[in-house]
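Chain by chain, the residues:
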Amino acid sequence: MRMMPLQKREIAKRVFAYELSKSTYMTSESGDRMPKYVLTPTGARCNRVFFVGVLLDKEEVRPDSNFWRIRISDPTGVITGFIGRYQADALESLLEIQPPELIAVVAKLNIFEGETRSFISLRPEAISVVDSETRDFWVVETARRTVERLKNMLDDCDEDCQLAKEVYNTDVEEYLQTVKNALLAIKEEVEVFSDLDKTEAVSETELVDEAKVTKKVTEVEVQEEDISDIEPDIDLDDFEFEEEEWDLSDLLEEEE
Amino acid sequence: MEKLIEVELILHLKRGDCDMTENPTKKDEVIDRLTDQILSRFKKMGHDVDPKEVSKRLKLLIYEFKVPEDEAIRTVTNYLIKELDIAREDLFSRESPLKNISDLSKSGEWVSLKAKVVQLWDTESPNVSQVGLIGDSTGIIKFVVWAKARKPEVEEGKSYIFKNVVTDSFGGRLQVNINRNSEIIEIDEDISLPPREIEIVGSLVAIQQGSGLIQRCPECHRALKKGLCATHGKVEGYDDLRVKGVIDDGLNCYDVILNEENIKYLTEIGLEEARKIATETLDRESVLSELKNRLLGRYFRIIGSRGERYLIVREIDFLKRDVIKETNDILAEIQSMLG
Numbered sequence: 001m002r003m004m005p006l007q008k009r010e011i012a013k014r015v016f017a018y019e020l021s022k023s024t025y026m027t028s029e030s031g032d033r034m035p036k037y038v039l040t041p042t043g044a045r046c047n048r049v050f051f052v053g054v055l056l057d058k059e060e061v062r063p064d065s066n067f068w069r070i071r072i073s074d075p076t077g078v079i080t081g082f083i084g085r086y087q088a089d090a091l092e093s094l095l096e097i098q099p100p101e102l103i104a105v106v107a108k109l110n111i112f113e114g115e116t117r118s119f120i121s122l123r124p125e126a127i128s129v130v131d132s133e134t135r136d137f138w139v140v141e142t143a144r145r146t147v148e149r150l151k152n153m154l155d156d157c158d159e160d161c162q163l164a165k166e167v168y169n170t171d172v173e174e175y176l177q178t179v180k181n182a183l184l185a186i187k188e189e190v191e192v193f194s195d196l197d198k199t200e201a202v203s204e205t206e207l208v209d210e211a212k213v214t215k216k217v218t219e220v221e222v223q224e225e226d227i228s229d230i231e232p233d234i235d236l237d238d239f240e241f242e243e244e245e246w247d248l249s250d251l252l253e254e255e256e
Numbered sequence: 001m002e003k004l005i006e007v008e009l010i011l012h013l014k015r016g017d018c019d020m021t022e023n024p025t026k027k028d029e030v031i032d033r034l035t036d037q038i039l040s041r042f043k044k045m046g047h048d049v050d051p052k053e054v055s056k057r058l059k060l061l062i063y064e065f066k067v068p069e070d071e072a073i074r075t076v077t078n079y080l081i082k083e084l085d086i087a088r089e090d091l092f093s094r095e096s097p098l099k100n101i102s103d104l105s106k107s108g109e110w111v112s113l114k115a116k117v118v119q120l121w122d123t124e125s126p127n128v129s130q131v132g133l134i135g136d137s138t139g140i141i142k143f144v145v146w147a148k149a150r151k152p153e154v155e156e157g158k159s160y161i162f163k164n165v166v167t168d169s170f171g172g173r174l175q176v177n178i179n180r181n182s183e184i185i186e187i188d189e190d191i192s193l194p195p196r197e198i199e200i201v202g203s204l205v206a207i208q209q210g211s212g213l214i215q216r217c218p219e220c221h222r223a224l225k226k227g228l229c230a231t232h233g234k235v236e237g238y239d240d241l242r243v244k245g246v247i248d249d250g251l252n253c254y255d256v257i258l259n260e261e262n263i264k265y266l267t268e269i270g271l272e273e274a275r276k277i278a279t280e281t282l283d284r285e286s287v288l289s290e291l292k293n294r295l296l297g298r299y300f301r302i303i304g305s306r307g308e309r310y311l312i313v314r315e316i317d318f319l320k321r322d323v324i325k326e327t328n329d330i331l332a333e334i335q336s337m338l339g
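As they're listed, the protein sequences go chains X and P. According to the numbering used here, the first sequence is numbered sequentially starting from 1. According to the numbering used here, the second sequence is numbered sequentially starting from 1.
Here chain X stands alone, though its shape is the one from the complex (with noise of 0.2 angstroms):
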C-alpha cells in the first residue's frame, strides 16, 4: 500500500464577482507543489470559488480551439471564465448550455500579469444550470460570509485580513454597500414572484421573467465596459502564441 498525504480538498469560497474582480494579489509560497491562493480585498483565502450567477455569453476563444471564454454575472458585477480540454467536465457541460442563463461554477483562479493590470479569472472545474432558487441561496450565503469577512476586519483582524488591508487598503463601507445592493436585488425579485405567485397570474409572470432578462443583460453591459477598459491589458496575442507553445500550463493544467 502506498502511503500518501491525504491532501485535504481546497474550500470553494464565496465572494461576489465585484470582490473578485477587484482580487490581484496571489501568495507565492514555495515549493512546486503548494496550492496557489488568491487573496480577495476582504481576506478570503481562495483556491477554489463556488460561484452561481447569469451566463452572459461564451465564446471559442480561436476557431476549433476549443478553448472558450465565458462570462458570468452576478448582482455585483461580471467575471470572465476559461475554459480548455482539460477541464472536460466543464466544458461539456458547457457545450450543451445556451446563455443567458443561469449557472453555479465551481472553479479555480487565475491571475493573468499585465502590464499596467492584473486581470483575474475563472478556471472552471464543474457547471451545471440551477435555478433562481439556488441564485437566491447563493447571493445570501456569500453575503453572510463577505459580511463575517468584514467584521473581522473591524474587529480581530486575522494574519490574511491584514495581508489583505495592506495590499488593497480595503473600504469596508464600500464593500458593505455592495453586499447590501446585491441583498436588495434578490429581495425585489422575491418578493415580486410571490406576489405574483398569489395573483396566479403565469403570462404576467413570463413577460416579467422576459424583461427581468433584458434589464439584467442591459446591467452588465454597463459593467462590460470596465472590462473592456481591462482587456487590451491582457494582450490576447501574447496569450495565444503561449498557448501554442504550450506554456499555458498554469491555466490549462488538469488539477493534480
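These are calculated hints, taken from the structure and not from any lab test. Beta carbons are placed, not taken as given, at the ideal position from N, Cα and C, and that holds for glycine. Warning: the hint list may mix true and false statements.
What the hints assert, rightly or not - One-sided excerpt, in silico: chain P residues whose CB lies under 10 angstroms from chain X: (1) Asn252; (2) Asp255; (3) Phe318; (4) Leu319.
Said to hold, decoys possible - If you want the footprint, here are the derived chain X segments under chain P, 3+ residues with CB under 8 angstroms: (5) 11–22; (6) 94–106; (7) 145–159; (8) 178–190.
What the hints assert, rightly or not - Derived lysine-lysine pairs resembling DSS-like cross-links, with alpha carbons at most 27 angstroms apart: (9) P/Lys43 - P/Lys26; (10) P/Lys225 - X/Lys151; (11) X/Lys8 - P/Lys106; (12) P/Lys27 - P/Lys56; (13) P/Lys225 - P/Lys276; (14) P/Lys59 - P/Lys43; (15) X/Lys151 - X/Lys180; (16) P/Lys99 - P/Lys82; (17) P/Lys114 - P/Lys151; (18) P/Lys56 - P/Lys106; (19) P/Lys264 - P/Lys276; (20) X/Lys165 - X/Lys187; (21) X/Lys180 - P/Lys325; (22) P/Lys59 - X/Lys8; (23) P/Lys66 - P/Lys26; (24) X/Lys8 - X/Lys187; (25) P/Lys320 - X/Lys180; (26) P/Lys244 - X/Lys8; (27) X/Lys187 - P/Lys320; (28) P/Lys325 - X/Lys187; (29) P/Lys234 - P/Lys151; (30) P/Lys320 - P/Lys276; (31) P/Lys66 - P/Lys27; (32) X/Lys151 - X/Lys22.
Chain X is already provided as a structure; the job is to place chain P on it using the hints.
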C-alpha cells in the same frame, strides 16, 4: 498474546533500568519496583501476595545468581502461579481488554471492541480482505481485515465482538487491524452508534468517479471497475445507483455517498428509471449526466454522522429557506455596521 504481554512488561521494566552500582539503596529500589510490578499484576486477579517473599526471591535471582531482570520476573511469576494454583490464562489473559472506541489513542495497542460495521469500502489492495468503518456508542474508527487473517467477512449493519485487534496509525489516523490472532464473533445485539449527528447546509460542488449507475460484485458487494472486482476478478455484476460527492458550505467540505434511496428521493430516478435511461440512450454514462444535471451546484440540507472519510447520510433534502427573512437579517446587520 501471552508472550506479547510479557514482552511489553519487560520493555516497560527495561525502560526503568538503572545502573547497577554497588550502592545497596539503589539495589533495594530496583527490587521494590519489580516487586510492586509483580504484586499489582496478581492483585488485579484478586490475589494478595506477600511482598517480602517476592522481594527475597527477586534479590536472590538478580543479585546472587546474576539472572537478568526479565528472566527473574518470569521465574517469580511462574512460581507464584504454581503456588497460588491459578490458571496461567487468567493472569496472562488471552483476551485484550474490552475498550470503547473513544478510548483508543495510540497505535500498537491490543484491544477488543464491541462494535457495529458502519460502512464497507472498496478495497484496492489484494492484501486487504475488508476495509471500512466500525462504531460503538463512543465513536467510529476505520478497520482493516488483512487477507492473511482469513476471517469470515463481516456485513454492514451487523454487530460483532472484535477480539484481539491492534490499533495502528495510517496516514496520520488511527485504525484497527484485524489479523491472524484476532477473532470476529457476530453478536445478536444492535450496537448503537454515536448520537452526535451534524446538520450541514451546503452545495454539492463535485460528483466523483464511481457515481451513477454502477455495478457491484455479487460476492463482496464492492463496486466493479471496468467490469472487474478487485478481489473476485471478472464477475457478473449487479446494478446499483450511487453518488459520491462533495458538499461544501464555504467553511468546510464533506465527502458524502448518496445511496439509491437518497437519489430516488431527490431526483425521482431510482434503479429502475436509471436502467431505463441507460437502455434508451444505450449509454450507462448518461445516467450520471442526468444526475449531474439535477444535483450538481444545488444546495442541500443533510443530517448525518461523521465517518472516517465519508459523512454517513441519514437524511438529505434540497435546501428550503426563507430568503426574504434571511435577507432582512443580513441587511439589519449591515445597517448596524454602517452606523
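Is the hinted pair P/Lys264 and P/Lys276 satisfied, with a Cα-Cα distance of at most 27 angstroms?
Distance of about 14 angstroms is within 27 angstroms: holds.
Quickly compare the C-alpha distance for P/Lys320 and X/Lys180 to 27 angstroms and report which way the hint goes.
holds (22 angstroms)
Is it true that the CA of X/Lys151 sits at most 27 angstroms from the CA of X/Lys180?
holds (14 angstroms)
Does the structure keep P/Lys66 and P/Lys26 at a Cα separation of 27 angstroms or less?
holds (16 angstroms)
With a Cβ-Cβ cutoff of 8 angstroms, does the stretch 178–190 of chain X contain at least three residues near chain P?
Holds: 7 residues of the stretch 178–190 of chain X have a Cβ under 8 angstroms from chain P.
Taking only the CA atoms, is the gap from P/Lys225 to X/Lys151 under or equal to 27 angstroms?
Measuring from Cα to Cα gives roughly 49 angstroms; hence the hint is violated.
For the pair supplied as a hint, X/Lys165 and X/Lys187, is the alpha-carbon distance within the 27 angstroms limit?
violated (31 angstroms)
Are P/Asn252 and chain X close enough, Cβ to Cβ, to be under 10 angstroms, as the hint says?
Holds, about 7 angstroms.
Quick one, are P/Lys99 and P/Lys82 close enough, alpha carbons at most 27 angstroms?
Violated: P/Lys99 and P/Lys82 sit about 30 angstroms apart, past 27 angstroms.
Within 27 angstroms, alpha carbon to alpha carbon, are P/Lys59 and X/Lys8?
violated (57 angstroms)
Answer holds if the nearest beta-carbon of chain X is closer than 10 angstroms to that of P/Phe318; otherwise answer violated.
With a closest approach of 9 angstroms, the P/Phe318 hint holds.
Within a Cα-Cα threshold of 27 angstroms, do P/Lys43 and P/Lys26 meet the stated pairing?
holds (25 angstroms)
In the structure shown, a violation is registered for the earlier hints numbered 10, 16, 18, 20, 22, 24 and 30, in ascending order.
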